[in-house]
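Going line by line, the protein sequences match chains A and B. The first sequence begins at 1 in our numbering and counts up by one. The second sequence begins at 1 in our numbering and counts up by one.
Don't take each hint at face value.
[Said to hold, decoys possible] Have a look at the derived ranges for each label pair, beta carbon to beta carbon:
id: 1; chain 1: A; residue 1: Leu48; chain 2: B; residue 2: Asp213; range: 42 to 52 Å
id: 2; chain 1: A; residue 1: Ala22; chain 2: B; residue 2: Gly107; range: 19 to 29 Å
id: 3; chain 1: B; residue 1: Asp74; chain 2: A; residue 2: Leu103; range: 45 to 55 Å
id: 4; chain 1: B; residue 1: Asp74; chain 2: A; residue 2: Gln79; range: 37 to 47 Å
id: 5; chain 1: A; residue 1: Pro32; chain 2: B; residue 2: Gly107; range: 16 to 26 Å
id: 6; chain 1: A; residue 1: Ala22; chain 2: B; residue 2: Ala82; range: 33 to 43 Å
id: 7; chain 1: B; residue 1: Arg237; chain 2: A; residue 2: Pro32; range: 43 to 53 Å
In case anyone wonders, no lab produced these hints; they're calculated from the structure. The C-beta atom is built at its ideal place from N, Cα and C for all residues, glycine as well.
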Amino acid sequence: MSSAPSLAELQQWMRWAITHPAGVEGALHQPPFAGLPARFVEPAPRRLEEVGGDAQLGQELRLSIYASGYFDRLHAALQADHPRLLESLGEERFRQLVGHHLLARPSASPSLADLGQGLDLTLADLPMAAEVPWSVDLARLERAQLEVWLTGAADFAELQLPGDADWAAVRLRLSPTLRLLRLEWTVDLWMEDGGPPTNDTRWLAVWRTVASKGVVALERAAWEMLQAIGTGMTLGEACLRAGEQGVTPEGLLEEFSRWVQLGWIVQALVTPASRPGA
Amino acid sequence: MTGALQVGVGLRPAHYAGVLECPPDLEFFEVISENFLGLQSGRGGGRPFEVLERVRGCRPVRLHGVSMNIGSADPLRKDYLARLRDLADRVDPECVSDHLCWTGVGGENLHDLLPLPWTEEALAHVISRVHAVQEHLGRHLLLENPSTYLGFRHSTMREWEFLGEVARRTGAGILLDVNNVFVTAENQGFDPRLYLAGIPRESVAQFHLSGHDDSGPIRIDTHDREVCDPVWELFKRAVERFGPRPTLVEWDDRLPAFPILLAEAHRARAILAEVGDVQRALAG
């Protein structure tokens, strides 16, 4: 029998046993299967002897309670965050997706809400993404909805500019609770019971304020302008680009007015270049 | 009613609307801290935090965490502690608590309350980390005993000795989960009254109660049903030993209608009052 393990040795070994995709029994008794990430190599020496078991329940079964709890808890969290993806994939495929996701992107966050980060990327690498071709878009849309829900709304709006400011050099700040998504399938319509998703590009804004939330389809030019603003383009550059795409000044003004009312634009930043006399 | 007769329930999203519309006959709510921290890459706690701000307008709030990872061999996560401190500064909770356990190692979070070996090494490790957390948060921590399904053969002390020593040497309070004492005792074959007797009287700052599943070979802490009679009896013993303390009923899965949850909290309050009356009569 080996000497008593350090705390670190014991925990590393337990993590291996509890999270192993083959379960505790498979981890302990089956050879490692191909393609397993390096973290599933068993830390030596084996520490099963340190685990107390008795006639009521043996060591392996006691460890299995934690292993089942691990998978079931994370599976339930992803189900709760992706109810329509679950519906679309079906329970068995969703369960497989969770298994692959935990292998590819194990949780490193204190919060379960971060677990679904990258679920769309995990899904895109699996054959089921081709079997349900809109599923990756659906994962992205549900994730965006969760992200705006769990992000603090802007608690201010500073949109007044000095009368003589060079407006073309102004930079606008978008609300942290706005996400812009380009999707290839009409999953937003499907989520509203609008019929099966079709393969049409959608330019979406997913947003919330303290009082309301929603998913809105935009014209491509409007979506691209918001995207450009969000990446730091000046107002002048963004308007120029919109004009090149055929957006009229009146149309532009109407869009800006709507975005401000919806709380999507929260700040006008007068940069040194846009200050009068600069 | 004295200040000691405080009962509350764990506030979950399904309760928000009803609680805000008609605040129930409870002295406090407890919330899971991590549910109000928002996303790791994000900003603020989002809509849940906005609701929490309204809830704390009608009742005091207690923050109860599940990811402090106080017993892990990994370093403490400074980013997590900073976010927790920010949350506590904004919510001004009656207390901040977490569990005597580890939840992950090697940078991975298993999101479970995993058991520690009760060794001198683990004791020194946990004590140093509780000191560090308390310094970071600028307040004392409460530590809860989790339910466990296994023990370790190289443990050199009992769980209650370990927990009591952590409390004694750090000033941290004990959040004594009576259901967890019962579940662990049944699963590991000891008398739960020994646990109560081994905990320092002055350290217990709060009680937890919840339901568990007893249908399998061992008992599983599920928080999905009423508190069972043996746990109510153990709770009464705990109140007799430690005195009335703020008591919380946890119910996380298969949530019942709120009145059922409220009835559990009121049953706890009746026991707190009954024991308090007896103790006052004996003292008088």
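Is it true that the C-beta distance of Ala22(A) to Ala82(B) lies inside 33 to 43 Å, as the hint says?
38 Å Cβ-Cβ, so the 33 to 43 Å window holds.
Holds or violated: 19 to 29 Å for the Cβ distance of Ala22(A) and Gly107(B)?
22 Å, holds
Assessment of proposed distance window 43 to 53 Å (beta carbons of Arg237(B), Pro32(A)):
49 Å, holds
Does 37 to 47 Å hold as the CB distance between Asp74(B) and Gln79(A), or does it fail?
Violated, at about 28 Å.
Taking 16 to 26 Å as the hint, is the beta-carbon distance of Pro32(A) and Gly107(B) inside that range?
For Pro32(A) and Gly107(B) the Cβ distance comes to about 21 Å; the hint holds.
Looking only at beta-carbon atoms, does the pair Asp74(B), Leu103(A) fall within the given range of 45 to 55 Å?
21 Å, violated
Mind checking the hinted window 42 to 52 Å against the Cβ distance between Leu48(A) and Asp213(B)?
25 Å, violated
Checked against the numbered hints given earlier, this structure breaks hints 1, 3 and 4; the rest are met.
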